[in-house]
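Protein chains in written order, with the numbering used here: chain W, 1 to 220; chain F, 1001 to 1501.
Rather than coming from a laboratory, the hints here were simulated on the basis of the structure.
One thing to keep in mind: the hints can contain errors.
[Claimed, not checked] FRET-style restraints, in silico, Cβ to Cβ:
#1 W:Glu71 / F:Arg1283: 16 to 26 angstroms
#2 W:Ala151 / F:Leu1267: 35 to 45 angstroms
#3 F:Leu1235 / W:Ser79: 54 to 64 angstroms
#4 F:Leu1235 / W:Ala151: 35 to 45 angstroms
#5 W:Glu71 / F:Leu1252: 44 to 54 angstroms
#6 F:Leu1240 / W:Glu203: 51 to 61 angstroms
Quick caveat, the model's predicted, so the values are computed rather than measured.
By construction, the Cβ of each residue, glycine as well, lies at the ideal position given by its N, Cα and C atoms.
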Amino acid sequence: MNRRDFLKLIVSIPVLGALALFVSPLFRYLRPSSGPLKETFGKGALAMNGPVTEWQGQKGLFTPPDQPQRERDVVFNISDFPSPWSYQPFTFAQRSKEYTFRHFQTSKIPGFVVRLPEDQDGKPDFIIVSRICPHMGCVFNFLPDPAEAAAYNYPVAKNPLFACPCHLSVYDPLQKQDVNGKLVRGKVVSGPAPRPPRQFTYEVQGEKLVITAAEAGGIS
Amino acid sequence: MVATTSMDIRALPAKGWQWVQERLQKVDVFDETKTELQAESPWYQLGSMYYLTWMVVLITGVILVALYLPTTAQAYDAINLLSHTPLGSILRGMHKYAGDGMIIAATLRVYRMWFTAEYKNKGEISFLLALILLVVAMYSGLTGYLLIWNQRAFWATKVFATFPTYLDITPAHWAWPWDLAHYKNSWLIPNIIGAGTKLIGSITHQGFSTSQILMGGSSIGQATMTRFYSLHFALSLFLLVGSEIYFYQNRLKRINLTKWTVLLIILMVLFTAIIFPAESGTRSNPEVTPLPILSDWYFLALYQLLKYMDPYWATLWTVGIPFCVLALAALDWGPERSWVKRPIFALAGIMGAINFIVFSLLIIANKANIETDPPYWFGNMILFLTVGQFWHWALYRQRLPMTFWVLFNLVTSAWYLIFWHGIVDNDKLLNAASNTYMYGGSNLVAWLNGYTGLNYTNLYWNFICLGFSLFMMLVAGFLFWVDRKRRNEREALVPTGSVPA
Chain W
1 MNRRDFLKLI
11 VSIPVLGALA
21 LFVSPLFRYL
31 RPSSGPLKET
41 FGKGALAMNG
51 PVTEWQGQKG
61 LFTPPDQPQR
71 ERDVVFNISD
81 FPSPWSYQPF
91 TFAQRSKEYT
101 FRHFQTSKIP
111 GFVVRLPEDQ
121 DGKPDFIIVS
131 RICPHMGCVF
141 NFLPDPAEAA
151 AYNYPVAKNP
161 LFACPCHLSV
171 YDPLQKQDVN
181 GKLVRGKVVS
191 GPAPRPPRQF
201 TYEVQGEKLV
211 ITAAEAGGIS
Chain F
1001 MVATTSMDIR
1011 ALPAKGWQWV
1021 QERLQKVDVF
1031 DETKTELQAE
1041 SPWYQLGSMY
1051 YLTWMVVLIT
1061 GVILVALYLP
1071 TTAQAYDAIN
1081 LLSHTPLGSI
1091 LRGMHKYAGD
1101 GMIIAATLRV
1111 YRMWFTAEYK
1121 NKGEISFLLA
1131 LILLVVAMYS
1141 GLTGYLLIWN
1151 QRAFWATKVF
1161 ATFPTYLDIT
1171 PAHWAWPWDL
1181 AHYKNSWLIP
1191 NIIGAGTKLI
1201 GSITHQGFST
1211 SQILMGGSSI
1221 GQATMTRFYS
1231 LHFALSLFLL
1241 VGSEIYFYQN
1251 RLKRINLTKW
1261 TVLLIILMVL
1271 FTAIIFPAES
1281 GTRSNPEVTP
1291 LPILSDWYFL
1301 ALYQLLKYMD
1311 PYWATLWTVG
1321 IPFCVLALAA
1331 LDWGPERSWV
1341 KRPIFALAGI
1351 MGAINFIVFS
1361 LLIIANKANI
1371 ETDPPYWFGN
1381 MILFLTVGQF
1391 WHWALYRQRL
1401 PMTFWVLFNL
1411 VTSAWYLIFW
1421 HGIVDNDKLL
1431 NAASNTYMYG
1441 GSNLVAWLNG
1451 YTGLNYTNLY
1461 WNFICLGFSL
1471 FMMLVAGFLF
1481 WVDRKRRNER
1491 EALVPTGSVP
1501 A
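Please put together the full structure from these sequences, using the hints given.
Written out as structure tokens, the structure is:
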């Protein structure tokens, strides 16, 4: 490499870098959940756009997506679940922030509350899961009759299960599986899913079952 | 010495540019330069057929644009109304079946190029373009069928949008290579790749970012439909402008088919559209996934692969298949062009076709068992390549590749024994013994240690693989022995005194 080539190389690096910097905001526009660039939009410009006033994730070019917020709690009566394996479907609405004219997008997460056969400390015990399959995002079903699991390639089922129609993952609510060092209910007993279904956080308040938050991750 | 090496490095860009120029001079996109061969064989008309069906898709598409309503509330109704109108149904059917025709033509064309080794003799870029035409046609199909907004469309797109998120997530059986406590679930190379993608993902969030860019938000909705609609157009428009410039500048004829062939193809599309009208399915419902749910036919085999593999690896493989085809073509550096003289590559092609068909049939039958099925198709792949390898040996009598192949099979069998659990999620099989290190290492060791709760299917396959490679060694040894004997006989025939000193 002679001196001229070396100088060309040295000059080309910052030129290419600057080009990448000019192009990167375009990708940012394509990703609605990514916050606006401080340099591009002044605070005044943002105020004109409406009520989005918080500044989030301003570090670096690649900001993490904003975490979605719940719209309201989902409340059940404990008496809705009179016997073991009685279950109720529900829909949990979440708001994801968007830096578009819409400001947010509401996504609905379908879920199941299933009462487990064994009570805990004299109180009914529940498994509350997001029905969005942790494998590829389809909505899975609850099979009250274990014999139905044969259609999902799991004919040896003994108790009711969750099973996904897309790629035939089957989850057992009675068994636990290790997820990043934490034991989570709904072990994958058949199929390609990498982990048990995502769980909801809930509290029992007297005779009420209040579902307050959804586990992050996946596409709703 | 120093001077020459630096000279070589400096000559590299010029040489590379020359390499590209030589191939660009021989470039062939729609078989438009193969006019002589086209008269002899319909295989060489596939490029023209691709172009013709593309034109049918474009013309019907331009009319459909005027009738379609690209909103989530109205799209399904607009399409459904069209499907129940006599000529509308035909119009939609022709758009769909001509699109299918494009994919069939592109697939067969890639196979033709593969079996006749058209990537040799400066055809590399033409082969790359043929692959790109296939991928573009499949991608147009994917962006197109969301627009119908029925159940199949919605859930296929959901899977497609969830795919990239796995680039931020390490494989299910991920552990640091030195984390011996988790060694039973890990394998060195997946760990390195997994750690790499996770490290990049923690900075760029490339998986979720890609997914959100595709969907235009955090879930499938109006923004997704608008984006897919625009992409569905844009791909064809850019390619149309590009191909028109190419044809115009090089003064080439676009469709080298007889008018009867053109008429036949258009009538085939037309009659298919009349006899099998394109279905509308049921309106998409984000809260119910029907069982079974299938994608369009050209993605069925990939969906079956999703049922068989850890999603992280399924994602990488799905993206990686075209690159594997290119890599395999790059390995085929010999001078032979006939497929009979290139048995390994011919059998790799046949294996790909058989896997595509069998996987598609299996998913239609809703049959997939991640615990028991993978050894069958994995073993089938090895078997095909083995047949190719021995055939190659019979043709060329090359000892080094043969020895390499036998050793490779031994390594594969050892890998089966030790690392099977890292590739397929077999933790489910092993839960009873998840705390015994020996079981994680191999079923065989566990069995020798008197562990009784093991899975016999797994053990059976381990033995099958070991037995297979031992058998291979015997066959190879026999062939070597025959070869040696013949050489000795040949040498014995030559009189010792006749060779001049």
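- How does the Cβ-Cβ distance of Leu1235 of chain F and Ser79 of chain W compare with 54 to 64 angstroms: does it lie in that range? About 56 angstroms separates the Cβ atoms of Leu1235 of chain F and Ser79 of chain W, which means 54 to 64 angstroms holds.
- Task: Could you see if the CB distance from Ala151 of chain W to Leu1267 of chain F stays within 35 to 45 angstroms?
- Result: 41 angstroms, holds
- Task: Starting from the range 35 to 45 angstroms, see whether the pair Leu1235 of chain F and Ala151 of chain W falls in it by beta-carbon distance.
- Result: Roughly 38 angstroms apart at Cβ, these two residues keep to the hinted range, so it holds.
- Item | CB-CB spacing for Leu1252 of chain F and Glu71 of chain W relative to the 44 to 54 angstroms hint | 59 angstroms, violated
- Supplied distance hint 51 to 61 angstroms, evaluated on CB atoms of Leu1240 of chain F and Glu203 of chain W: The hinted range 51 to 61 angstroms holds for Leu1240 of chain F and Glu203 of chain W, with Cβ atoms some 59 angstroms apart.
- Does the Cβ distance between Glu71 of chain W and Arg1283 of chain F fall inside 16 to 26 angstroms? 25 angstroms, holds
In summary, the one numbered hint that this structure violates is 5.
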